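Student: Given next are the chains, with one letter for each unit.
2 protein chains.
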Amino acid sequence: MPTTGPAPQRKMRADARRNYERLLAAAKDVFAEHGVEASLEEIARRAGVANGTLYSHFPTRQALLEALLRDRMQALSDTARELLDLPSADEALTGWARAAMAHATVYRGLAVSLMSSIQDETSHLHAACQAVLAGGQRILDRAQASGVVRGDVTASDVYALVNAAAWAGEQTSRAQAERLLSFGLEGMRPPVGG
Amino acid sequence: MPTTGPAPQRKMRADARRNYERLLAAAKDVFAEHGVEASLEEIARRAGVANGTLYSHFPTRQALLEALLRDRMQALSDTARELLDLPSADEALTGWARAAMAHATVYRGLAVSLMSSIQDETSHLHAACQAVLAGGQRILDRAQASGVVRGDVTASDVYALVNAAAWAGEQTSRAQAERLLSFGLEGMRPPVGG
DNA sequence: TGCTAAGTTGAGACAGTCTCAATATATTTC
DNA sequence: GAAATATATTGAGACTGTCTCAACTTAGCA
Numbered sequence: 001m002p003t004t005g006p007a008p009q010r011k012m013r014a015d016a017r018r019n020y021e022r023l024l025a026a027a028k029d030v031f032a033e034h035g036v037e038a039s040l041e042e043i044a045r046r047a048g049v050a051n052g053t054l055y056s057h058f059p060t061r062q063a064l065l066e067a068l069l070r071d072r073m074q075a076l077s078d079t080a081r082e083l084l085d086l087p088s089a090d091e092a093l094t095g096w097a098r099a100a101m102a103h104a105t106v107y108r109g110l111a112v113s114l115m116s117s118i119q120d121e122t123s124h125l126h127a128a129c130q131a132v133l134a135g136g137q138r139i140l141d142r143a144q145a146s147g148v149v150r151g152d153v154t155a156s157d158v159y160a161l162v163n164a165a166a167w168a169g170e171q172t173s174r175a176q177a178e179r180l181l182s183f184g185l186e187g188m189r190p191p192v193g194g
Numbered sequence: 001m002p003t004t005g006p007a008p009q010r011k012m013r014a015d016a017r018r019n020y021e022r023l024l025a026a027a028k029d030v031f032a033e034h035g036v037e038a039s040l041e042e043i044a045r046r047a048g049v050a051n052g053t054l055y056s057h058f059p060t061r062q063a064l065l066e067a068l069l070r071d072r073m074q075a076l077s078d079t080a081r082e083l084l085d086l087p088s089a090d091e092a093l094t095g096w097a098r099a100a101m102a103h104a105t106v107y108r109g110l111a112v113s114l115m116s117s118i119q120d121e122t123s124h125l126h127a128a129c130q131a132v133l134a135g136g137q138r139i140l141d142r143a144q145a146s147g148v149v150r151g152d153v154t155a156s157d158v159y160a161l162v163n164a165a166a167w168a169g170e171q172t173s174r175a176q177a178e179r180l181l182s183f184g185l186e187g188m189r190p191p192v193g194g
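For the protein sequence lines, the chains are L and G, in the order given.
UniProt numbering puts the first residue of the first sequence at 1, with every later residue one more than the last.
UniProt numbering puts the first residue of the second sequence at 1, with every later residue one more than the last.
One or more of the hints may lead you astray.
According to the in silico footprint, chain L covers these stretches of chain G (three or more CB under 8 Å from chain L) [stated by the list, open to error]:
| no. | stretch |
| --- | --- |
| 1 | 63 to 75 |
| 2 | 113 to 127 |
One-sided excerpt, in silico: chain G residues whose CB lies under 7 Å from chain L [stated by the list, open to error]:
| no. | residue |
| --- | --- |
| 3 | ASP157 |
| 4 | ALA160 |
| 5 | ALA164 |
| 6 | TRP167 |
| 7 | ALA168 |
| 8 | PHE183 |
| 9 | GLY184 |
| 10 | GLU186 |
| 11 | GLY187 |
| 12 | MET188 |
| 13 | VAL192 |
Pair ranges (Cβ atoms, derived) [to be verified]:
| no. | chain 1 | residue 1 | chain 2 | residue 2 | range |
| --- | --- | --- | --- | --- | --- |
| 14 | G | GLN137 | L | GLU121 | 38 to 48 Å |
| 15 | G | ALA145 | L | ALA175 | 17 to 27 Å |
| 16 | G | SER39 | L | PRO191 | 44 to 54 Å |
| 17 | G | ALA25 | L | ALA16 | 47 to 57 Å |
| 18 | L | ALA14 | G | ALA32 | 45 to 55 Å |
| 19 | L | ALA175 | G | ARG13 | 43 to 53 Å |
| 20 | L | THR122 | G | ALA75 | 55 to 65 Å |
| 21 | L | THR122 | G | ARG13 | 42 to 52 Å |
| 22 | L | TYR55 | G | LEU86 | 48 to 58 Å |
| 23 | L | ALA75 | G | GLU82 | 47 to 57 Å |
| 24 | G | ARG98 | L | SER88 | 28 to 38 Å |
Note that these hints are calculated values from the structure, not bench results.
Remember, it's a predicted structure, so these values are computed and weren't measured experimentally.
Glycine residues also receive a C-beta, built at the ideal position from the N, C-alpha and C atoms.
Taking the hints into account, I'd like the entire structure generated from these sequences.
Tutor: What follows is the structure, given as structure tokens:
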């Protein structure tokens, strides 16, 4: 069962709180350098802490990732809400897709985690991914109501497209990721003259 | 520098040839069970051979993968040639994309290898991937000449789309992979009325 | 039959994950 | 402020995996 992770607000002992923050800071650096599959040992080392401490704060890699991404994923949900205010439902969708792809590109290897976590209910990232998906759903609903997207497209389709494009970009280039995203979104439009 | 791998036809000693074949057979099973990131130790174990023997036949995981996929990738190139005979350039393209995606789905994790190998000239899989890409190029040229695909689409776009869709399918479902592929291909069509 | 090039072996150096009994420290209580 | 207690940290150790290479074995030839 996924926990929310040790909420950083919880009454923690002062040293525990300090190590928690140090670990997050180290993880941020190490993930940025080596991607989300980086060595957890190195993160502990760089945080100046024994590896057992890392495991006691973050039982799994995904739990660490969740804590590290919490704010960012919250921001993505907020973005979805804001985009609903745009006059154009079409621009809201492409804007959301771009924002979601930018998010999935923050660390190398992140797209895999985001994609598998939406399926895996036991993942520490599951809830956050679902919130993102829910945001996408609202954006998509409006786009479909406006007739700019085919009715049979699902939020999962958009989510998969965004992450698949981000993944492709990791292997090749940012430009390639953007091209794939464009093709995919374009292909979701209703057939003309229908 | 990528070698073609020990060509199985090379005058090898009988025991070497036998172990080579056993390793390939074991790799096929183990990759099928655990994906292309499976333990090489287990492959050697299952082939009834010391792990040093595996490394002497296949210096890298990619070299092993290349030997294992050689025939299949050759077949994909042949398929491209055959599809050029189809009356419909459109059907040839979708047919090729489906065949390429099926290929990328043979083992879990394969899409990553295919995608990174096309970029990495030192990969043992590079040449084979380039051959596949060349096949896609011919199919694409014809589709563009027939006006069923936009002129600015590249073979790399199609290659990336196919692998990205295959990757998404690994994380979710075969159906999702097919949907993504359809959206992408659809989005590569020329805008109507242009 | 024996020689030699070719091939195989598996221990060992290394890096990583994860656990848990022993230890240390912060906080609470009196 | 000292003792009691709850909370954290530590790092050795069990495990799995990658990859190398000196010592050994054997196939195939003369």
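Student: Hint by hint, which ones does this structure get wrong, listed from lowest number up?
Tutor: 1 and 20
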